[in-house]
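Visitor: Given the coordinates of chain A, work out where chain B should sit on it, guided by the hints.
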Amino acid sequence: MGIHQRTKSLASRQNELADTFFQLKVLNGSARSDKRFPAFSEMVKKTIEQQEGLKPSRIEIFQVNVGKLCNQSCAHCHVDAGPDRKEENMSRETFELCLDILSRYDIPTVDITGGAPEMNPNFRWFVEECRKLGKHILNRCNLTIIMSNPKYRDLPHFFAQNNIEVISSLPHYSAIRTDSQRGEGVFNDSIEAIRLLNEVGYGKEDSDLKLNLVYNPTGTFLPGNQSALEADFKKQLARKYDVVFNDLYAITNMPISRFLDYLLESGQYESYMQSLVDAFNPGAVAGLMCRNTISVSFDGYLYDCDFNQMLDLKINGGKTHLKDFDLSELESRTIVLNQHCYGCTAGAGSSCGGQVAN
Amino acid sequence: MSEKKYFDPEDLKKFGSITEWQKSMGDKFFAWYGEVMKEGALTEREKALIALAVAHTVQCPYCIDAYTSDSLAKGADEEQMMEAVHVAAAIRAGSSLVFSTQMMNHAKNMTM
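Which chain is which? The protein sequence lines are A and B, in order. Whatever position you read off the first sequence (first residue = 1), add 911 for this note's numbering. Whatever position you read off the second sequence (first residue = 1), add 141 for this note's numbering.
Just chain A, same shape as in the assembly (with noise of 0.2 Å):
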């Protein structure tokens, strides 16, 4: 029981990439690497749909990250979570904000992210007011924090009276592959708590209770097959473990943040990026998960991602903060988009809700 933390914030580290614009400039070229490639906003406009800027279809999301404080501090975070980030956490006002916007508007779904959004203590009250509202909640929880302290253990029937849909990482069904990542102890934790999920009511085929687990990549390669990798995923949980889960989302590792740290301290930044550009797939454009969420920050400030709003990106148009939320103006701007973003493109593309293409 217990995790071994994998790595440290880059904030605590006081590494160069902290600074978002820092990481901008190696994503176009003019730090730290002098490659440059094909821009993406311009492989974008080449697609037949979107060839005046990408534009969003209807909000559906509201993605909600209330901040940076986690239990695990994971090699490739794109977030630079972890137990030290105890500042940029959301506030009780800026929640109100959230819960007003909400009311007002008919967007079905909120998704809770993080860090670990369980350790924000307006956590239980923001999704009991969302659930007032009739919203669709999901939350993507480690996992870990249901075992890491003993007044966390009733997360599990916290998140079922509540109806949430649980979206949960498990990097991999073994150990070695995800502690790898995620911090030694975390895959053994991480069971535990699937284990406790799964005695609610969650990932069983006859509950309405979702369990989904998301796939990354533990290294520098792309995703394969999602549907191949869940029945892999299934059938080994189930022998190993005797455990159970809904879907699995298979996600691409952003080069951003700890991850673009790691592909620069490992000499591999250049040839992950590279292959990312070859795996360009003009199809998965139109399923983009910006195109149907508006992210928000434990501030307040808006962004077309949980992506860009770890680089900074506010969504283009003045009004960028909860205060001036503006549904129609939303509804109409173009999206932001940067080098980062062919992450959610290659092969059968990325979401927070897994491949957007087959």
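Just so you know, these hints were derived from the structure itself, not from any lab. C-beta atoms are modelled at their ideal positions from N, C-alpha and C, and glycine is treated no differently. Take these hints with a grain of salt, some might be off.
Using 30 Å as the maximum straight-line C-alpha spacing, the simulated BS3-like pairs for lysine-lysine come out as follows [what the hints assert, rightly or not]:
1) B:K154 to A:K936
2) B:K155 to B:K169
3) A:K946 to B:K155
4) A:K946 to B:K146
5) B:K179 to A:K1146
6) A:K946 to B:K154
7) A:K1062 to A:K1043
8) B:K179 to A:K1145
9) A:K946 to B:K145
10) A:K957 to B:K154
Label pairs and their in silico Cβ distance ranges [unchecked claim]:
11) A:D945 to B:S165: 37 to 47 Å
12) B:V239 to A:H1068: 58 to 68 Å
13) B:F171 to A:A1197: 21 to 31 Å
14) A:I1087 to B:K249: 40 to 50 Å
15) B:V199 to A:E1181: 24 to 34 Å
16) B:M223 to A:E1110: 30 to 40 Å
17) B:F148 to A:N1073: 56 to 66 Å
18) A:Q1147 to B:V177: 18 to 28 Å
19) B:F148 to A:V1188: 23 to 33 Å
20) B:F171 to A:S1177: 25 to 35 Å
Guide: Okay, now just chain B, sitting in the frame of chain A:
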């Protein structure tokens, strides 16, 4: 002058160029190769592991690199990959040892 060497990892990227001097046969090979490695009765992960094991048997460094990457990408882990190599090694060892029956037959015929 650049260092001369066999098995330059960069050459793996040129694999597609084998069609240059015999396009028709080369194209047929790649079409067949692609078909073979697609999911069928076996999954892509299982095929990648078979390819990895065979790569060790034919001792092809390009193939070892290519199918180490492919096995990981298809979702295999270290344990599965090493077991696959053990299967290849066991068959290689067994295929030597099974010939010892011929040795034994011959020796028995020659001796009292």
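Visitor: Compare the structure with each hint and give your call.
Guide: A quick look at each hint next to the structure:
1. B:K154 to A:K936: OK: K154 of chain B and K936 of chain A at ~29 Å, within 30 Å.
2. B:K155 to B:K169: Holds: K155 of chain B and K169 of chain B sit about 17 Å apart, inside 30 Å.
3. A:K946 to B:K155: holds, 21 Å
4. A:K946 to B:K146: holds, 27 Å
5. B:K179 to A:K1146: holds, 20 Å
6. A:K946 to B:K154: Between K946 of chain A and K154 of chain B the Cα gap is close to 19 Å, so the pair holds against 30 Å.
7. A:K1062 to A:K1043: Given that 30 Å is the threshold and the Cα spacing comes to 24 Å, the pair holds.
8. B:K179 to A:K1145: The given pair, whose Cα atoms are some 21 Å apart, holds under the 30 Å limit.
9. A:K946 to B:K145: holds, 27 Å
10. A:K957 to B:K154: holds, 27 Å
11. A:D945 to B:S165: 37 to 47 Å: Hint holds: Cβ distance 41 Å, inside 37 to 47 Å.
12. B:V239 to A:H1068: 58 to 68 Å: Cβ of V239 of chain B to Cβ of H1068 of chain A: about 60 Å, so the range 58 to 68 Å holds.
13. B:F171 to A:A1197: 21 to 31 Å: Since the Cβ atoms of F171 of chain B and A1197 of chain A sit about 30 Å apart, the hinted range of 21 to 31 Å holds.
14. A:I1087 to B:K249: 40 to 50 Å: At 49 Å between Cβs, range holds.
15. B:V199 to A:E1181: 24 to 34 Å: holds, 31 Å
16. B:M223 to A:E1110: 30 to 40 Å: Distance hint for M223 of chain B, E1110 of chain A holds at roughly 34 Å.
17. B:F148 to A:N1073: 56 to 66 Å: About 58 Å separates the Cβ atoms of F148 of chain B and N1073 of chain A, which means 56 to 66 Å holds.
18. A:Q1147 to B:V177: 18 to 28 Å: Holds - the Cβ-Cβ distance for Q1147 of chain A and V177 of chain B, about 25 Å, lies within 18 to 28 Å.
19. B:F148 to A:V1188: 23 to 33 Å: For V1188 of chain A against F148 of chain B, whose Cβ atoms are near 27 Å apart, the range 23 to 33 Å holds.
20. B:F171 to A:S1177: 25 to 35 Å: Between F171 of chain B and S1177 of chain A, where Cβ atoms are some 31 Å apart, the hint holds.
No hint from the list above goes unmet by this structure.
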